[in-house]
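> The residues making up each chain are set out below.
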Amino acid sequence: NAGVTQTPKFQVLKTGQSMTLQCAQDMNHEYMSWYRQDPGMGLRLIHYSVGAGITDQGEVPNGYNVSRSTTEDFPLRLLSAAPSQTSVYFCASIPGLGSNEQFFGPGTRLTVL
Amino acid sequence: GNSVTQMEGPVTLSEEAFLTINCTYTATGYPSLFWYVQYPGEGLQLLLKATKADDKGSNKGFEATYRKETTSFHLEKGSVQVSDSAVYFCALVSKTSYDKVIFGPGTSLSVIP
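Quick mapping for you: the protein sequence lines, in order, are chains Z and G. 1 is the number of the first residue of the first sequence in the numbering used here; add one for each residue after it. 1001 is the number of the first residue of the second sequence in the numbering used here; add one for each residue after it.
Calculated directly from the structure, the hints in this document are not laboratory data. It is possible that some hints are incorrect.
[As the list claims (entries may be wrong)] Calculated lysine-lysine pairs in the DSBU-like style (CA-CA distance at most 35 Å, straight line): (1) Lys1077(G) - Lys1052(G); (2) Lys14(Z) - Lys1056(G); (3) Lys1056(G) - Lys1100(G); (4) Lys1077(G) - Lys14(Z); (5) Lys1100(G) - Lys1052(G); (6) Lys9(Z) - Lys1068(G); (7) Lys1049(G) - Lys1077(G); (8) Lys1068(G) - Lys1100(G); (9) Lys1100(G) - Lys1049(G); (10) Lys1049(G) - Lys14(Z); (11) Lys1052(G) - Lys1068(G); (12) Lys1068(G) - Lys14(Z); (13) Lys1077(G) - Lys1100(G); (14) Lys1049(G) - Lys1060(G); (15) Lys1077(G) - Lys1060(G).
[Unchecked claim] Covered by chain Z, per the in silico footprint, the following chain G stretches (three or more residues, Cβ under 8 Å): (16) 1075-1081; (17) 1101-1112.
Quick caveat, the model's predicted, so the values are computed rather than measured. A virtual CB, placed ideally from N, CA and C, is assigned to each residue, including glycine.
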C-alpha cells in the first residue's frame, strides 16, 4: 500500500490563481480530511468527508472547495489564492467506524505571493 | 467546545535526559487521546493513543496515561535520543465526532548530543 499520497510537494502561486491539491489513499478508508498547518497553531481542519459524495466544512473552510467522487480521492481546490493561504497542507484518512487513528500524507507546502 | 492545550516550546534537552511534554484537554464525555509526532519535512505519525481513563499508551519508549481527574495526557520518555527531535502534537477525538480530530499547537523538541 502506498498509504496517503499528496501532490505536489511544493507549489508557488500568485495571488488570484487557482489550483487543486491532490490527495489519494489506497487503504479503502471511509473518512478523509484536509488540514492546514501554520506555525504555533497546530493543525486546523479545512474540510472533511465521511464517504464518497459526502463532504462537510471544518474549522477554516473559506476559500477552499472539496469534492469526493470516489472513495480513493479527495482533492482540495483553491478558488482564488491569497497570501493568507500560504501554509503546509495535510491530507489524512481514517478507516471508519470503530477506528479513529488518522493516517497522514506527506504534505504540500504552498506559497502564495 | 473541545480543545487541547500543550506546553509551550521549543524544548531543548541533552541526550539521555528525561522528557515530559504536558497536555491537558477540555471535552464533553470521554474522548480518545493521541500523541502524534512530526519529523522534519514529513507528515504526522501516530505515536501512541489511549481510549479510556487510566489507559496507558506506549511506543518507542514514550508513554502517556489518560488521567480523567486532571484531564491530562502528558507525554514522557525516560531517556531521549537525538533521533527523537521532532514536533509532538497532542490530540483528541470525541466519541460522537470521531471524524474530527482536535490538535494542540505542537511542541518542538530538540535533543542535542
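> Confirm or reject each hint.
Okay, the hints, checked on the actual structure:
Distance check on the hinted pair: Lys1077(G) and Lys1052(G) sit about 21 Å apart at the alpha-carbon level, within 35 Å; holds. For the hint pairing Lys14(Z) with Lys1056(G), the CA-to-CA distance comes to about 48 Å; that exceeds 35 Å, so the pair is violated. In summary, the hint linking Lys1056(G) to Lys1100(G) is supported, as the alpha carbons are separated by about 22 Å, within the 35 Å threshold. Under the criterion of a C-alpha separation no larger than 35 Å, the hint pairing Lys1077(G) with Lys14(Z) is inconsistent with the structure, at around 44 Å.
As the CA atoms of Lys1100(G) and Lys1052(G) are separated by approximately 18 Å, the hinted pair is consistent with the 35 Å bound. Between Lys9(Z) and Lys1068(G) the alpha-carbon distance is near 40 Å, which puts this suggested pair outside the 35 Å criterion. Of the supplied pair hints, the one linking Lys1049(G) and Lys1077(G) holds, its CA atoms being roughly 15 Å apart against a limit of 35 Å. Distance hint between Lys1068(G) and Lys1100(G) is fulfilled; the C-alpha atoms sit about 21 Å from each other, no more than 35 Å.
Our distance criterion of 35 Å between C-alpha atoms is met by Lys1100(G) and Lys1049(G), whose separation comes to about 16 Å. Our distance criterion of 35 Å between C-alpha atoms is broken by Lys1049(G) and Lys14(Z), whose separation comes to about 41 Å. Using a Cα cut-off of 35 Å, the hinted pair Lys1052(G) and Lys1068(G) holds, with the two alpha carbons roughly 9 Å apart. The straight-line distance between the Cα atoms of Lys1068(G) and Lys14(Z) is roughly 48 Å, outside the 35 Å bound, and the hint therefore fails.
A hinted pair counts as satisfied when its Cα atoms are at most 35 Å apart, and Lys1077(G) with Lys1100(G) qualifies at roughly 28 Å. This hinted pair checks out: Lys1049(G) and Lys1060(G) have alpha carbons roughly 13 Å apart, not beyond 35 Å. A distance of roughly 9 Å separates the Cα atoms of Lys1077(G) and Lys1060(G); the hinted pair therefore holds under the 35 Å criterion. A count of 0 residues in the segment 1075-1081 of chain G with a Cβ less than 8 Å from any Cβ of chain Z is obtained; the coverage claim is therefore unmet, three being the minimum.
Only residues whose C-beta sits within less than 8 Å of a C-beta in chain Z count toward coverage, and the segment 1101-1112 of chain G has 5 of them, enough to reach three; the restraint holds.
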